[in-house]
Structures are given as structure tokens and as C-alpha cells.
Amino acid sequence: MIFERLSSPLAVALLAGIALVVIALYWLRPPAPAVTVASTLTWRRLAERSKRTRRWRRLLSLLLSLAAAAAMASALAGLRIAPRGAGGPPLVVVVDTSATMAAATVGGPTRLERAIALARAEIARSSGPIDLYDTTGQLIHAGLTVAHALRLIGDLSVHPARASLFPAVALGARAAAREPKRLLFSDGVSALEAPAGFERRSVFEPALNVGVVAFEAARSGSLVQAFVEVLNGSLEPVVAELLLDTVAGEVLVRRPLQLAPAERWSGVIDLAPLADVIASSPVLRARVTTPGDALALDDRAFAPVPLGRPLRVAIAGAEATAVRRVLGLVAGVSLHAYALDEIETLGPDRADVVVLEEDAPERAPSVPALLIAPPSRRWLPEPEARLGPSAWSAPAAGTALEGLRVESIDRYPMADADPAFLASPTSEDFVEAQLPLPLLLRRGDAGSSGPRWVIVPFAIEGSNLPEREAFPGMLATVLLELAGAESNPVVEPGIQEVSHSRGTEAGRFAIDSRRFAEVEQPTLFDAGDGGARAVAPLGPAASAVNHSEWPPVRFEGRETLALASSAGLFGISRVSWRHLLLGIALAVAGLELWTRSRGITE
Amino acid sequence: MRPAQAGSLAGMRLFGEDFLARLERLRLAARRLAPGALRGEHRSKRRGRGIEFADYRPYVPGDDIRDLDWGAYLRFDKLLLRLLEEEGDLPLYVFVDGSASMTLPDPIKFDRARQMAAAFAYIALNHHDRVHLVVFDQGVRADSGALRGSGQIVRILRQLESVASAGATDLRLALTRFFSVRRRPGLLVVLSDLLSADLDAWLEAAPGGDGPGAPLPLFDWLRAMSQDLLLVHLETPGHDELERFGETLLVDAETGEELRVDLTPGLLEEHRAELDRRADEIEAACRRRGWSYVRADADRPFDDLVMDTFRRGRLLG
Chain G
1 MIFERLSSPL
11 AVALLAGIAL
21 VVIALYWLRP
31 PAPAVTVAST
41 LTWRRLAERS
51 KRTRRWRRLL
61 SLLLSLAAAA
71 AMASALAGLR
81 IAPRGAGGPP
91 LVVVVDTSAT
101 MAAATVGGPT
111 RLERAIALAR
121 AEIARSSGPI
131 DLYDTTGQLI
141 HAGLTVAHAL
151 RLIGDLSVHP
161 ARASLFPAVA
171 LGARAAAREP
181 KRLLFSDGVS
191 ALEAPAGFER
201 RSVFEPALNV
211 GVVAFEAARS
221 GSLVQAFVEV
231 LNGSLEPVVA
241 ELLLDTVAGE
251 VLVRRPLQLA
261 PAERWSGVID
271 LAPLADVIAS
281 SPVLRARVTT
291 PGDALALDDR
301 AFAPVPLGRP
311 LRVAIAGAEA
321 TAVRRVLGLV
331 AGVSLHAYAL
341 DEIETLGPDR
351 ADVVVLEEDA
361 PERAPSVPAL
371 LIAPPSRRWL
381 PEPEARLGPS
391 AWSAPAAGTA
401 LEGLRVESID
411 RYPMADADPA
421 FLASPTSEDF
431 VEAQLPLPLL
441 LRRGDAGSSG
451 PRWVIVPFAI
461 EGSNLPEREA
471 FPGMLATVLL
481 ELAGAESNPV
491 VEPGIQEVSH
501 SRGTEAGRFA
511 IDSRRFAEVE
521 QPTLFDAGDG
531 GARAVAPLGP
541 AASAVNHSEW
551 PPVRFEGRET
561 LALASSAGLF
571 GISRVSWRHL
581 LLGIALAVAG
591 LELWTRSRGI
601 TE
Chain D
1001 MRPAQAGSLA
1011 GMRLFGEDFL
1021 ARLERLRLAA
1031 RRLAPGALRG
1041 EHRSKRRGRG
1051 IEFADYRPYV
1061 PGDDIRDLDW
1071 GAYLRFDKLL
1081 LRLLEEEGDL
1091 PLYVFVDGSA
1101 SMTLPDPIKF
1111 DRARQMAAAF
1121 AYIALNHHDR
1131 VHLVVFDQGV
1141 RADSGALRGS
1151 GQIVRILRQL
1161 ESVASAGATD
1171 LRLALTRFFS
1181 VRRRPGLLVV
1191 LSDLLSADLD
1201 AWLEAAPGGD
1211 GPGAPLPLFD
1221 WLRAMSQDLL
1231 LVHLETPGHD
1241 ELERFGETLL
1251 VDAETGEELR
1261 VDLTPGLLEE
1271 HRAELDRRAD
1281 EIEAACRRRG
1291 WSYVRADADR
1301 PFDDLVMDTF
1311 RRGRLLG
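Note that the protein sequences, when read in sequence, are chains G and D.
Reminder that position 261 of the first sequence reads as 261 in this note's numbering, one-by-one numbering, no gaps.
Quick note: to get this note's numbering, add 1000 to the position in the second sequence (first position is 1).
Hints were generated in silico from the structure; no laboratory data involved.
Keep in mind that a hint or two might mislead.
[What the hints assert, rightly or not] List time: in silico EDC-like cross-link candidates among lysine to aspartate or glutamate, alpha-carbon distance up to 20 Å:
id: 1; chain 1: D; residue 1: Lys1078; chain 2: D; residue 2: Asp1064
id: 2; chain 1: G; residue 1: Lys51; chain 2: D; residue 2: Glu1247
id: 3; chain 1: G; residue 1: Lys51; chain 2: D; residue 2: Glu1257
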């Protein structure tokens, strides 16, 4: 066992000081007070009886105490044990988890799986501490052992909804000890700006991939159009099929495409003749199907048909939730905040829809309402049971809600129990019959009289739904259903908020930013327009946005690392905090045993 | 008690006039005392060395083999002792533990021992029994000699009043010395806290002492001496000897030996359990020999304590 380093001389001095104080206290401890007792016979008999066990107990207790002290010293001083005895150089591994890493390679495995396999081989050869990172903020671990790193790296997965950025690798203290080996495993598609010293290990190989790179729907008076752009990203000609339908499954357009290598096809599709179909299901879906396609993520895109007039959405309170953020970015939606008691009195003259998150007035609102994880109210059905996340784990791959996670959900009475509430057909579209429970409950049909309510039986904030590509579309569709079929809100799939030096922008990435980083965008968005912008003219000549110009922003885990760095005075890192906890645990165990075993000392 | 007797006790702390009044009440209350329980006044029903056959009982080690009924052995293939009814008064030997431990953690233990000794003596004397009062520590410290007649109570009370607790405890030594002079078989009442260094030797032979001529365990020896035993184990559970936890130096009040302990609630619990275990052992040993063992709380009111001891000691009819 080799201690790799002492990260701070100050820490050593501190430990030495503590040791001196402890020793001084030991020597200066007050003498034990003498008490005259009737007899010490029984005490001696006890001592005699426990003589043998006391010896090993004390020995064990001593060992535990020493272990606790060592663990705490390790935690405070940043001591790290070099694995495998040799104490080799540190290894820093960064694995690209951007969307294109989900592309299949020849032989079957995805690029990510290949990257993981290569990284595993490097880790297995390493004899130093290992830092492990990905590019979407899932994984930030420093100072891992080989076994731990091998275990963790298997948890990596592609995160299409997250921006891919090179992680903030903490190199400072370690670099001073021994030069680390730094490896980046990537397919090279993402624009990852690796710092100097990183060795790239490519998992790229040519793949057949055809994807929807732009999809937009627009309305101008009675004119409804959709713009679709499909790119053949492979090196060979392909025959693909473009399918345009609604999320309810009504096929609008089916068109075969013959695309040359790197050919981009785009077209404007007139949807006016299908206005009736669109009115009942105003969120459109473009799908391109190609035999042997390596990347499924970019084969679909969603686009809602814009509204003719703004949809007035009333919300309660001013808390910035995910739902509110998305609603605030939706063109054609005008958000109005009210106090909860005002919601009760709102009429159709002031609001089209009410959206309430984890709250509800005592009386039912008179306008249609979207109720997200509502509390118990007399006018609402009572949930029968609260289900754990296991009921929501791992929906089948390839659905719009792939990877949906919900922490908990209320099971509301199904149609049999309460005919007023039905599983929403819209929700079923999104859930695609993969989940055991409907994602939405709808009260009343579109044509029925009386208020309409839709219940989302779980807290949006307690799920990863906001990260899903279908979330804005789903939200828009629900609001549309509630507000009435004749007026549709505009929702742009995949809206993300991005901050940069000029302020905050709402960017439409349509599932994956990477795909749009390299292509022209059909619509323009601009900072400061409050989401109330008009839809830009359709067509490939529309203004483009070069995403690669955006500075790296919001990266999960950066704050954590900064915090760890600021604590660097004592070499405290995430790993050493674990040591500290271990030390405390051992100390408590030792103290316990010590207390039990002590007593007669001579 | 006559007024002259009461007057001669003036100035005593432990045995004032009110105590004498209590003794008298006690004597009246103890009229139900089992015939012969304290000897003298009635014909003894004790089995001993008399003429008339009384009963058989199984042989136990320590019994005099001269009492074995060999005819019964041939018939039943069992060693049986022939018990003969004893005639005449038999003495009461009252042994009071005068060691230093009797005043710890509270002097009431020693006071109660002396008061109970006085009670035993008072009642026996009033029943015309012969009484020996012995205060012991590592040996016989004070011996009243054989006393008879109710008037001797004053002498006994004076002796009890004047004695102080000191020294270590060795009951075995005290008894063997006392009974080394031929004594008549009788009832031996021992009032002690049983914190005696020779406690092990009461029940078992000394290590390596199993051979011929080795000393018998105290209880077997007493049995061989044909003495009946009433062992009154005095305790003061209501007084905490150790009131603090942590490292403490325990000093033995009798021997001055020191023991460093780190007191914890668990250790105190173990200590209490050990005391209980030891008391149970002594009690079981007494019962096996047909003797009485009474574990008494010295904090109880005197009258209750004495009457309860009589009751549990099977002295009341």
C-alpha cells in the first residue's frame, strides 16, 4: 500500500497538532477519583471472568480506532491509496456521450459501446487513480480505483436531450504529482473542445444515416404548411421513406426519397386540405425510414401547427417551474399569473386554459384546466394508490418517451371506476402503450359540455419529462385539447434555454442540438422576443443559427467541481469526504465496542 | 423489660428505650414462633442426638456416618440417616459481621445487623434459650459467652452498641475458631453482607484440597458439626455505592486493595448480576442442606425486617 500524496502541508501540520494535543491531554488527564467501596471482590471476579474476552476486544477496538483515525487522517489530509501497489500515473478518461454515439457500428455495437470497451481496456491497464467523465454531465468521478471505474463506466448512456460539452476536468493538484494520461473516446462528430494533452481515441466509422434535420409547421391565415428537410449523412446513396403524420396516427403524407451521399432534400408541404385532421391533432410528426439506418435518434421530429391567435393560459403563483419555462417559450401562448383564489373566478373571457402544478383551488375552475399532480380536492377524483418509480422504469426503446423516469405517481380511477375520467388518447400516443398507466387522465370529451380537466398524475419536476423531446409537444397538445379544437397553440419541440454573453435565448434544437449544429435552421429565433415571435418564412433560405458559436454554458457538475476546488486548501475532494464518513463510521463502531469492553482496566 | 433494665441502657444510640419497646412488641408478635425454633422453652423437635427415633433422611456429605442406618441400607440399598429427637434446650449462636464493609455504602447495614442480632437474642432469652453473641471479622472479635435469662439482654445490647465495624471478613476462620471448642448443636444465625474473601471456601474445598485430611467446605463442615444455619444476607440496594461513570479507583474498605475501573452502565449491570448470581448460589447451597437463607434489605423498617426474616427463615409457625 502506497500513499500517493499528501495534498497539503497545512493538513500535515494540522494532523500533527491534533496528535500533540491528544497526547498532551492524555498525560494531563485528571487522576481517577478514588472511591472506597465495601468490597472489590465482585469486581475482581468480573475482571477474572472477562480477562480473555477483554483482551481481544481491546485489541479489536484498538484496531478499529486506528482504522478510524487513519481514515479520518486520510480524509482530512487528502491521502489517497494508490491502487495495485505500483502507484502508476493517474488516468483521465472522457467518454463522448453525445447523440451520435448511439449510432450502430459494423457488427452491432453502438459507438458508445465501442468507446466503453476501449476505455475499459485502458482502465484495466492503469495502476493509478482514475478520473472518469462523460460529455453530458452524467458522470464526474475523480480518484477512482480500477474496479470502481470499470463498474461506473458501464452506466454510461447517450443523452440526446442534453448538450454535449467537454467536462471541466480537474487537473490542478494531480498534475503536480505525476503527469496523468488523458484520453478522450469520441466519434469526433460533436464539437468537443478537448484541452491540450488529451489523446483522442476515435470510435468513428462511416455509417448509414438519414435523418430529419429540420421540420417546421406554420400557419398564415387559412394556409397551413410544413417544411421538412432530410439529410443523407452517409457515404452511399439511399432510398428512404418520409412519412408525415399527426401524433394521433393520422397519416398526412408518405413520400419515397432517393438521396445521394450527403444530399439534402427539403420540401414545403401544403397541409391546408388536411386542416380538419390537424385541428383534432395539431402536433405533427415527421419520420424518415431507411433500411440499415445506424442512428434512430434523428429519424423523427415533431412540429406543432401554430395557432391563429394567442392562447391565454392562466397559471397560479410565480414559481419558475419546467412547465412554466416551456410555456413561456411557446409562441402563441400568452401566460398570465393569478393568485390561487383568483383562479376559481376566472371565466372564458379572461383565460382559455388554467395550468396548475401541485396545487388546486377549493372549488373547480370554470375554465378548462391542466392539473399536474393535484392535491386532494372534493371536485377531483381521489388517487387510489401511490406507485413507486418501479412502475415507470425502462419503457421500451424507440418511443418518444424512451428513458422516461417518474419518481412516483398517483393511480387514479380508470374509466371503469369513474366514467368521467378517461385515459387520454393523446397520452396513449405518447406513451405508445409501453407504460402500464396512462400519462394523462382526461375528464369529459371534446364535445361534451361543462369544464374539461386533464390530470397529469405525477409531479413534472419529479420526472425527467422536461428533458424529453416530446414534452413540449405533449404539453401543447393537451392545452389545445382543453382550449378547444379550433385553435391550436404553437409548440416547438426540444426547446431549450441557453444562456450566453448576450443574455438568454430560447433555442429550438428539435431533439438534438448536434444535428442542427451542422445544418441550416429553418426558423430564426432571437433573444428578447419573449417567445412571441412570428414564424419566419418557410424554406431553406431562412436565417441560420450556428450553434457552435455559442459559448459553453450550463454544464451539470461544474459547480460541484468548483466547490471541490475551493475546498482544495485541505485537499478535500469528493473522494476524501467519503473517507471522512468512513472514518466517522469506524470511530463510532470502535467507540461502541470500546465502551462495552472497557471497565476493569487492571 | 424491667425499668431497671431500661435505665441501664441510657445513652445508647442504637438501642434506646424506643428500641426496647420495639423488641417487646416484637416478642409479642413472635409468639407464633415455631415450637423449638429458638429452643429451650419447648421440647425440641430438632433431629439430633437423642434417644427417641424421629425420622429418616438421605445421607449428604458431611453427615456423621455413625448415624447411618445400616439395616435400612441393606433393605433399600440407600444410605439413610436415622434421626433421633433431641431433648432439652439447644443454644442460639448469633454471629454478627463486624467487618468494615458493613458500614458501606451506608452504616444502616451494620446497624440493622446489630439490631437484628439483638432481636434474635431478646426473643431467645425470653424463651429461656441459651444465647451466644459473636461479633466477627477475620476471627472472633467479641464473644458474649453463653447467656441465659432475659436479664442478659442488657449485656448483649451493650456489647452490640460498643462494637465498631473494622477489618476484613473471614467467616470460615471465625466459625472454625469458635466451634473448635466443643459446642452443642444449635441454631447458628449469621448476619452478614457476605462480602467475604473466603466466600468460595464456603461451598467448595480449597483448590488442591480434595485429598484426605483436607479441610471441608465451610457448609459441609457446619453440617458435620450438626449446626443448623440461618444465613441473613444484608444489603442496601437503595444506596448507590458508585454514583458516577468514568474512570474510577476503587478502594476495598476491608483490605485497602485498589482496582482501577472505567465505570459504564453496562459494567454496573454486570456487577449487579454477579452479586445476584452469587446470592443465588449461596441460597441454593443452603436449601440443599435444609437451611434457611434470607436476603434482606437493610433499609426496610426494623420491625418488618425482623418479622420477614423470621417468616422467610421458617422460624414462625
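Hint by hint, here is what the structure shows:
1. D:Lys1078 <-> D:Asp1064: Holds. Lysine 1078 of chain D to aspartate 1064 of chain D sits at ~16 Å (cutoff 20 Å).
2. G:Lys51 <-> D:Glu1247: Status holds; Cα separation ~18 Å.
3. G:Lys51 <-> D:Glu1257: 19 Å, holds
Against the hints set out earlier in the document, no violation occurs for any number.
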